[in-house]
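Residue numbers (our numbering), protein chains in the order written: chain A, 1 to 103; chain B, 1 to 445; chain C, 1 to 471.
In case anyone wonders, no lab produced these hints; they're calculated from the structure. For glycine and all other residues, C-beta sits at the position ideal for the given N, C-alpha and C. Wrong hints could be hidden among the right ones.
To be verified - Sample of chain C residues lacking proximity to chain B, with all beta carbon distances greater than 10 Å (derived):
#: 1; residue: 50
#: 2; residue: 75
#: 3; residue: 202
#: 4; residue: 390
#: 5; residue: 391
#: 6; residue: 411
#: 7; residue: 413
#: 8; residue: 456
Said to hold, decoys possible - No farther apart than 16 Å at their CA atoms in a straight line, the calculated lysine to aspartate or glutamate pairs in the EDC-like style are these:
#: 9; chain 1: C; residue 1: 415; chain 2: B; residue 2: 346
#: 10; chain 1: C; residue 1: 415; chain 2: B; residue 2: 380
#: 11; chain 1: C; residue 1: 415; chain 2: B; residue 2: 375
#: 12; chain 1: B; residue 1: 434; chain 2: B; residue 2: 421
#: 13; chain 1: B; residue 1: 382; chain 2: C; residue 2: 327
#: 14; chain 1: C; residue 1: 57; chain 2: A; residue 2: 57
#: 15; chain 1: B; residue 1: 382; chain 2: C; residue 2: 388
#: 16; chain 1: C; residue 1: 376; chain 2: B; residue 2: 393
#: 17; chain 1: B; residue 1: 442; chain 2: B; residue 2: 408
#: 18; chain 1: C; residue 1: 415; chain 2: B; residue 2: 304
#: 19; chain 1: B; residue 1: 442; chain 2: B; residue 2: 352
#: 20; chain 1: C; residue 1: 57; chain 2: A; residue 2: 55
#: 21; chain 1: B; residue 1: 382; chain 2: C; residue 2: 410
#: 22; chain 1: C; residue 1: 145; chain 2: C; residue 2: 73
#: 23; chain 1: C; residue 1: 65; chain 2: A; residue 2: 97
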Amino acid sequence: MAEWVRVAAVEDCPPGEFRALAAGRQRIVLCNVEGDFHVLEDRCSHEDLPLSNGDLEGSEFLCIHHGARFDVCSGRALCLPAIRPVKTFPVEVRDGDVFVLAG
Amino acid sequence: MAETTTIEGVTEAINRAAVEARSHGEPAWLAQRRAHAWSVYESLPLPTTRREEWRYTDLRRVLDLDALHLGSTEAGPDDPSSYPERLRATMNEDHEAAGHLVFIDGAVVHTDIRDDLASLGVILMPLRQAVREHPELVESHLATEAVPPEEGKFAALNAALWSDGVFLYVPRGVRLDNPVRVTRWISEAGAAFFSRTLIVAESTSQVSYVDEILSDDFDTQTLASAAVEVITRDGAQVQYVSLQRMGRGAFYQSKQRTLAGRDSTLDTLNVTLGASVSRVDLNARLMGPGANSDMLGLYFGDDDQHFDHNTSQDHEAPSARSDLLYKGALDGHARAAFRGIIRVHEGAQQTDAYQTNRNLLLSEHARADSLPNLEIEADDVKCSHGSTVGQLDDDHLFYLMSRGLSREKAERLVVVGFLGEVMSRLPLGGVVEKVTRAIAEKLRA
Amino acid sequence: MPQNEVIQGLELDEYKYGFVDEEKHVFRTQPGLSEEVVRQISAQKEEPEWMLEFRLKALQIYESKPMPTWGGDLSKLEETLDEIYFYVRPQDRMERSWDDVPENIKNTFERLGIPEAEQKVLAGVGAQYESEMVYHSLKEEWESKGVIFDSIEDGLKNHPELFRKYFGTVIPSADNKFSAMNSAVWSGGSFVYIPKGVELETPLQAYFRVNQERMGQFERTLIIADEGSRAHYIEGCTAPTYSTESFHSGVIEIVVNRGAHFRYTTIQNWSNNMYNLVTQRALVHEHATMEWLDGNLGSKLTMKYPSCYLVGEGAHGNILSIAYAGDGQHQDTGGKVIHAAPRTTSSIVSKSISKGTGRSSYRGLCKVYDGAVGAKSNVECDALLINETSRTDTYPYIEIEEKRSNIGHEATVSKVGDEQLFYLMSRGMSEEEAMALIVRGFIEPIAKQLPLEYAVELNRLIELEMEGSVG
């Protein structure tokens, strides 16, 4: 069942950066876009490969394996070869810690 | 993360110390092999989806090796009345056998071997016993020719940590009319079990073998790892059948290799119905001219079951034949991957090699991946492969429904018919009925 | 670094008729690939800042990606790449003389009956192709319809918005190591726009417009077929194409908008020292059709898998692939169809011939996404083996997430049958003639789709190739 899991402190992931983390058994990418946190599943929708090898560029995440791009807020695929969105997870900041609803 | 739990006073993590503990009291050659296998295991990275053979199974996500502890190897009492109900039920369905071994968790609890086998020179016994009683035979064949640790991460782990298994040796010219049966029951949740099967059929001998594994559902991930080695010498005939009917929560992994000698027949059937994740690797090597292998597979997944079959047909000698047929039906969110390759090596002229994978998707959310590959380095060959993915044929269904069948019944009939084609090619006593019943149960669920 | 040789950029006029003059300017970058080389290319082409950034980013991606370990043998490629010039201005490539062209290539030209002027173009020593006049009248017709058929460089200069909207969106730099390399150093290729509803009878031939440029090592082509249009683009040629360079890596991006019908034909017959690593992909919208006709006859190693992303309902993709691998050649080719919308349909037909120590491999993907209800795809691969030492492989990937779809794949491997040969020889044919006839029959379904002059030349080529195949 999904539950809120603390994954990092706010200062662990400064604006413009991302971190590959685990929320329980779920592998995620925590992205900080100008102070707002977004969480994607660490798995490209094109092939079963980790997104976290790629890069956060503004509000887009580039999967380095085949060049797919995703909107970090919605998970939407922005260019080929990806067609489907990547999974996103709800995220909250509580008392300087980042919590993710995952399971 | 799951804590390593203590059962009957035994707590063992999967590490080098455990390998040393397993070696205790074993001959030096075996202890060395285990230690070597563990080194191989440590030197190999866990395969990722970037590896072709693991493209469709992300081990990172579906297996947590660190959370597992080594399963118990203590034998319980040999008292069939105390067996779990499903185990008893499946044993009741078994027909006559040349010999029957029953394993519960990591240890053999029951052996019932026909009296005349010993006088024929047939050796059928638990592998540990064979290590003691037939060291020369076991030493030369175990994890050497067929599934050595270098084959991969799981092969290495199994070679390091196997707790028991079966050794079957059939001497020249001996033919067994009834199959050998092995039934394994796994009960300990959160544990890892490693077993091996070693079958050596000398020239012109004949034997069939049915290997069945079952369990109830587990609430924590439980690993059953198998290594299967089948060797036929000139003109021998062997049929090997594996039935996997484990419960949910199980991670089943089986690495199989068959070595077929001159003019021998070495047929296999893999039936995959159970476990949450099931991975079967089968490599058939056709090593002698005129060797012949039928390779059959059948799978039926539902809920979120994940099946991955990885086969290869190596034609190393001329005039050999292999014919693979894997058929599967997928319901719910089930997903199946089939990756097969025919390799016709240089000089293997007059090869006949075929490979067919057919999938039936029964639900909106099921998924099938199929990679039937060919690598041909000889010109005088007959090779083909085919792969299809489709849904139930509406015309066929309507016809049956027009004959008064309900939609569910009609569907069941079509699915059973679709999968039944596979079993009709290896109609071993009792297996067809057992599998048909198991499929029907799944369809009703 | 040849600083003193740097010249000012090309005047647009020089490209007006698609031919460059013969001024003896020499500009080329130093061998090997570096940031400096990429900057020089971009400066030389007087590109906008965004393109320089695009190139530099691509270079980083290229450097971060490992050499592929699948497909053909690329183990010797690294050395080759250290030695090649990543940019030679087109007109500077013609320093070779006819005497430098290997005898066997000249002989093949002769025996194919190729006119002398054309021979020189194919061998990379001539300047112009005789069809200039034909091209001029066609060009007027195209312009009157609003068709854009420019060099890729002119496309960027003259149609910056249209160009930027689509460039790199079908094939991102990071798609693979060689698309990243191309994105960093691309030079030459075509920019094509077919306006809404325009139908072109005569194929657009890269052959007409550019001369040396089509030999570009890093050709980049971007094609947009707008709604309801219909056109056919042809590049390459059946006759042997001789180049002293040993590496070619192109990127071809095509967008086929709603209801359009576009066919792209490539025939390559590069000389046998060439690594030919090409990425070709089409994005196909609602009820549009994309057809790839891909013929691979030459090169040492070709890795090329034209693909159709069927993203609009009712889109159709069609891939016809033919490969011939002679001694020492490896053709690793095939096609990909991705069904991402309902009622999309596709077909892949691949025919390959391996002779001597040649190896041909089919590699393909058929993917059906969840929701692509009613998708249908059929893949057929046939391989013909001529000799004992020949090799063929088939590597199809079939990934199906949608129950309401119908997908089939079949492959067969055969050798030229003794009975067939015996029959033809009993009718008075030599064994070689009989072999050529059988091979022609084998590829006929694809050859008949080619424009006549290509088909005729292909047939003559097969006769030549079958000589010495017997015994």
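Going through the hints against the structure:
no.	hint	verdict
1	50	holds, 32 Å
2	75	holds, 18 Å
3	202	holds, 40 Å
4	390	violated, 6 Å
5	391	violated, 5 Å
6	411	violated, 5 Å
7	413	violated, 4 Å
8	456	holds, 29 Å
9	C:415 with B:346	holds, 15 Å
10	C:415 with B:380	holds, 6 Å
11	C:415 with B:375	holds, 15 Å
12	B:434 with B:421	holds, 15 Å
13	B:382 with C:327	violated, 23 Å
14	C:57 with A:57	holds, 12 Å
15	B:382 with C:388	holds, 14 Å
16	C:376 with B:393	holds, 15 Å
17	B:442 with B:408	holds, 13 Å
18	C:415 with B:304	violated, 44 Å
19	B:442 with B:352	violated, 36 Å
20	C:57 with A:55	holds, 12 Å
21	B:382 with C:410	holds, 14 Å
22	C:145 with C:73	violated, 46 Å
23	C:65 with A:97	violated, 35 Å
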